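Assemble the complex: chain A is given as a structure, and chains B and C must be docked to it using the hints.
Chains as they are written, first to last, in my numbering: chain A, 486 to 580; chain B, 57 to 232; chain C, 3 to 604.
Hint data in this document are derived by calculation from the structure and do not stem from the laboratory.
Keep in mind it's a predicted model, so treat the numbers as computed, not measured.
Don't take every hint at face value.
To be verified - Now the stretches of chain A that chain B is said to cover, found in silico as 3 or more residues with beta-carbon under 8 Å:
no., region
1, 495–504
2, 508–520
3, 553–565
Here a beta-carbon is modelled for each residue, glycine too, at the ideal position from N, C-alpha and C.
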Amino acid sequence: MSYLLTSALLFALGVYGVLTRRTAILVFLSIELMLNAANLSLVGFARAYGLDGQVAALMVIAVAAAEVAVGLGLIVAIFRHRESTAVDDLSELRG
Amino acid sequence: MSLLEGLALFLLLLSGVLVVTLRNAIHAALALILNFLVLAGVYVALDARFLGFIQVIVYAGAIVVLFLFVIMLLFAAQGEIGFDPLVRSRPLAALLALGVAGILAAGLWGLDLAFTQDLKGGLPQALGPLLYGDWLFVLLAVGFLLMAATVVAVALVEPGKASRAKEAEKREEVAR
Amino acid sequence: MALLGTILLPLLGFALLGLFGKRMREPLPGVLASGLVLASFLLGAGLLLSGGARFQAEWLPGIPFSLLLDNLSGFMLLIVTGVGFLIHVYAIGYMGGDPGYSRFFAYFNLFIAMMLTLVLADSYPVMFIGWEGVGLASFLLIGFWYKNPQYADSARKAFIVNRIGDLGFMLGMAILWALYGTLSISELKEAMEGPLKNPDLLALAGLLLFLGAVGKSAQIPLMVWLPDAMAGPTPVSALIHAATMVTAGVYLIARSSFLYSVLPDVSYAIAVVGLLTAAYGALSAFGQTDIKKIVAYSTISQLGYMFLAAGVGAYWVALFHVFTHAFFKALLFLASGSVIHALGGEQDVRKMGGLWKHLPQTRWHALIGALALGGLPLLSGFWSKDAILAATLTYPFGGVGFYVGALLVAVLTAMYAMRWFVLVFLGEERGHHHPHEAPPVMLWPNHLLALGSVLAGYLALPNVLEPFLKPALAEVEAHHLSLGAEWGLIALSAAVALLGLWAGFVFFQRKVFPAWYLAFEAASREAFYVDRAYNALIVNPLKALAEALFYGDRGLLSGYFGLGGAARSLGQGLARLQTGYLRVYALLFVLGALLLLGVMRW
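Bound-form chain A, shown alone (with noise of 0.2 Å):
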């Protein structure tokens, strides 16, 4: 039990950390922070629901592996040509 409250206030940081950060990439590591949480929190009730919990965890993992690459590439593509990283420099969205 306590590690799910654990995961609960892991991804509570994560959303912190994603609000807060301005460079991409450290939001992008929040958002793996948060995922991480999860993860804990899923294998934390499948010690009470069963083995599934550990096979979604895995499920998980794999697809956050996915994520990371296209993500870091979107960044590496946006970004390479930019002299800076700051999240708020990508403001052309305005409205």
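Below, chains B and C alone, put in the same frame as chain A:
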């Protein structure tokens, strides 16, 4: 909870805090690695040994390393420098984060769970039948997804025509 | 079917003249129009002589389009088309040279058609069509010279005041429909032979229908439109506002006599209104300076007499007066028209005078008309007015008060009639004109009208007209006076009339008038300030309300258009939320998700 448990949870939270607060991107990434490693240990303690190993190999060992590569590629190590234009939104962000935590905790409140499942240690022998049984479709789909992601990643990072032209120019200059 | 023809003939005239009139040369439109009216007259007379006619056609559910030619409607038809024909002929000359010549005759024919619809109607809705139609024709004709804004205003005033009355008509119809389920006059007549259903509601219906009559026939309080209607050409004043349209109200009462004869209180009210109007008209005629307006107020007064007669229950007497009045009033108007024509358009009596020498034939027309109006014994006006006076004493709803009042008004009538004549024809020439007599086409109708004014009384002596009309009217018990009493009353009326005529003749030849008279005259000229009172109490407040609503409505519309602007501003404000800042979006995103989770949780 036992001492080890408490320590593990404390480290998890500490590294989590570090991840979201450190200014240097590389330091933050390293904090994340610490988080993942402790997390792997927790998984093993929670009868999810296979998952713990996968966590170390894939997450800590591949994903964060990829992060580090990109950080260094883009010279983004400085991370958060200068003045934050939205500094006044920090308290609001903190509030929202607390709100999330609160909601989740409230969801967990009063849940009377019996953590008594026999997970057989979360070993491949136990996971295998599930993976290739009920979760087969999901497994295949995720595999496909990974392939797609690889293709996309390569496509995104491929240098465009302009860069190609520039590089061709450079090579010519060198050759002259 | 032939009965419908009487209406269709002038209607055809309206259509032809309206469509092709511009291409016709004078006097073809006038001749055509007059011819069609004459044809209607002959057709109607023929049908009447052959015993009457009926026409029925499917129309609205429960309300057939039905026409009835019986003695009453036949009588009216002959008046309308007969006098109408004479006035049409007069107008051929009078309107000569006017650029709207064919338009005039188109409208004139339309009027005749609508008036016939009104008269021949056997059900109230059909009558209402005619009712509204003559109102329309009146509007078009009063405002004939529409380019003059005052004339256009007069036309509008007439229409609007009439509308008030029309509302009464419609409501009265509604009540009758609700009570009896039919609006056919013949059927209603039968239905009311037994005991009455709901007498109070019926009284209301009777009163409402009378309201319609009040509007159409210019009784108090809706009489204000008639003097202003003199803005129209003189033939219009003669035909519509003297001989025919204004008598539609009297006709309505007569046609509905089966209703009014069983409503004593309503009839009494009608008589009172009639008497008051007679007095008002007579008093106001003294101060008028426009030759036509004197005659107009006289019409109001004489119409009051007719309603007085109808109110006391003597319906045939009222119609008798309609008949004689048609002749002498039309004559007075047309004679006025001849004078106006002679003086090149002058209408102010203060600039007339001494025309006796110059207009050898019109002067006789005028004299005969004035004397008939004043009730010179043996002329038509005398007989019909005396009949009314007698009726107030013999008919069930009458009374001595009515008699005395009517007698006094008769004196006044004689006096102002003489005033009219004296000011125009006698005395010194106050104007600077070269008067020329009217052309024959204008004189001959007047000859005939003058003849009628003299003889009409004999055409309708009690033993001829009363039985003739009786079948169509309600049975009303009237006591009969002894022969001595009858002749006594006649003598009294004669004496009174002669007195009034002589007094007027003498008084108005004076050079100087006493102060009390001048004060009275000034008030009389303003028709005792009724128009001003109405303006202050009703017209101006309504106008203010209308303007407020108009501007409010426009404001509302700009408000609606403004809604577009408001939406735009709102959009612009909202657009500012789209800062483009990712982190702001992220904040909002999390906030939203939190809210959702919170709501779901609880």
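To see whether the hints hold, each was checked on the structure:
1. Restraint check on the region 495–504 of chain A versus chain B: 9 residues with Cβ-Cβ distances below 8 Å, three needed, restraint holds.
2. Only residues whose beta carbon comes within less than 8 Å of a beta carbon in chain B count, and the region 508–520 of chain A has 8; three or more means the coverage holds.
3. Counting residues of the region 553–565 of chain A whose CB lies closer than 8 Å to any CB of chain B gives 11, which reaches the minimum of 3, so the coverage claim holds.
Checked against the numbered hints given earlier, the structure satisfies every one of them.
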